[in-house]
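Q: Each chain, letter by letter, is given below.
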Amino acid sequence: MAKKNAEIQKKKIKSSAGEKVFSVFNYILMTAVALLCLYPMWYVLVASVSEPNKIIRHSGGLVKSLGFTLSAYKKVFENPNIISGYMNTLFILIVGVATSLIMTCLGAYVLSRKNLLWKKPMMLFIMFTMFFSGGMIPFYLNLKSFKLTGSLWGLIIPFMISTYNLIILRTAFESIPESLVEAAKIDGASHLKILTSIMVPLSKGALAVQFLYYGVEKWNGWFWASTLIRDRDKLPLQVILREILLSSTQNMQAGGGGDTEAVGMTIRYATIIVATIPILLIYPFIQKYFAKGVMVGAVKE
Amino acid sequence: MKRNKYSANAIKVDWKRNKSLYLLAIPVLLFYLLFMYKPMYGALIAFQNYVPTKGISGSEWVGLDQFIRFFQSPYFVRLLRNTILLSLYSLIFCFPAPIILALLLNEAKNKHFKSITQTMTYLPHFISMVVAVGIVKEFCMSDGLINDLIVMFGGTRSALLQNPAVYRTIYIISDIWQEVGWGSIIYLAALAGIDQQLYEAASIDGAGKWKQMIHVTLPGLMPTVIVMLILRMGSLMSMSYEKTILLFNPSTYETADIISSYIYRVGLLEQNWSYSTAIGLMNSVINCILLVAANKLSKRVTENSLW
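The listed protein sequences derive, respectively, from chains E and B. Per the numbering used here, the very first residue in the first sequence carries number 1; after that it's consecutive. Per the numbering used here, the very first residue in the second sequence carries number 1001; after that it's consecutive.
Just so you know, the hints here were simulated from the structure itself, not pulled from any lab data. Every clue listed holds true.
Calculated cross-link-like contacts (lysine-lysine; reagent style DSS-like; alpha-carbon spacing at most 30 angstroms):
no. : chain 1 : residue 1 : chain 2 : residue 2
1   : E       : LYS20     : B       : LYS1111
2   : B       : LYS1012   : E       : LYS193
3   : E       : LYS120    : B       : LYS1016
4   : E       : LYS20     : B       : LYS1209
5   : B       : LYS1109   : E       : LYS20
6   : B       : LYS1019   : B       : LYS1005
7   : E       : LYS119    : B       : LYS1019
8   : E       : LYS144    : B       : LYS1038
Short, incomplete list of chain B residues facing chain E, as computed with Cβ under 10 angstroms:
no. : residue
9   : ASP1014
10  : PRO1039
11  : TYR1050
12  : TRP1177
13  : TRP1210
14  : GLY1280
Note that the Cβ used here is the ideal one computed from N, Cα and C, for glycine as well.
In isolation and in its complexed conformation, chain E is listed as follows (with noise of 0.2 angstroms):
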């Protein structure tokens, strides 16, 4: 008995010191993975703020930069595109994810009211589009019909809702208990002023993923700018961006060699931070209300 006991007592301390080993191991594995997802940012950022001459003679990874200088950010804030650019897709930015919020808040509210008799036939209404769309063309033809291309609310108006957010949003509105909202009615209050006092109030972590969402889209975005607008004064961020990262022309000189090279690879990724560090300031604030964002469940009737 007694021996029996001492083997499943060594049994136990052996499969122990395995998981010691294995998790040590994950562990190692596990901050390689972060670095590496994190590397490639913080290349840009190192080489952006090195010395274009050095930088373009190194060849390897990067640590820390070679040298310091910000004389790229300079050339970067000189170049008149940026500025606009700049302008512009705060314009779309803030307009837009305003407008994306109200109208969202408008549509999840309304689904998430009970004793609706065409509710169900709203949300068919709704969620087909998730399945089933005109495709690119005929929604480029359609703006065209209303004048949309060319003006940065081309950019704004089509893209309002996100059938995936309004789901989301709806959710966490029917979580909130209906007794609130009977109460608010019986003192007589109408359903947009139950939907600012007790709904928006009472869903901040879900609205802070909403602003997350529509932020990220809207900052992001580049396809439809491209497409819609040929005015350069008008081009969002990205698009500019695009040009300046991207462009063929930028692909010829990258094999040319010689300083002007080394100062544009510079100009470029500081250009990349420059277009990024809105994203990477909200981004901690934000990230707590992530989990809450992404349930598959929400999605489900």
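Fit chain B to the known structure of chain E by using the hints.
A: Below, chain B without anything else, positioned relative to chain E:
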């Protein structure tokens, strides 16, 4: 009973009670009508020889000619192959990556370590596609970081983004980089939802870490995996065009050009409105069928489904 739900009387009572609510819904429904459903009507030009000045009512109807033109096009097989292969590689490599990350991260018991790692791996998801592809391009240039590494291991320098043979590898690896962390959130949430008592019970029964993983963790994770897999299957043919348009160039079209990027090229760049709409419509219908089929299959086999 059910038939009477929408009787004239019921509609009247409902309207009286909920009028103000319906008024609030009008802007939302109008949005869907004008920007989602009107383009569906506009997709009718797939069966026409659409001329913008004549409009849909004035343009000539050609039946299925545009679709047939696509099937007979020399690009058809290439596009289909590229789309399916890219999707398949993405399914094989990009789909399991966040699941593995979540499982491993779940084993790290230190809370601070866990949350810092999560923050770091989520980050690339928020970088814009333009910037992400911009970084990929810088790294893949003939004097870029990747080539430096290749040389270090005894290889030779080349312009990686001009090489059709490595295009998909670059696409998939950069996709994993951008999405592995973000994708793991949903699995981590599912893992956190597994009843801790199950682990205790298993460990009393003598199950080690590995056995616990197989008998408790994996079954608890399965419903989420299945739902995500259905969604993935449903979008088998709808690889996003945004990344492809930014990443490819004429020298890599051979492996890079997929159906959605082709729609963009012949539609918006070459203004073949009807032809491009027909391809898009076909793709949309196929996606819809795939999604419904995957959902049905999953319902039958695993009892997990989207709807």
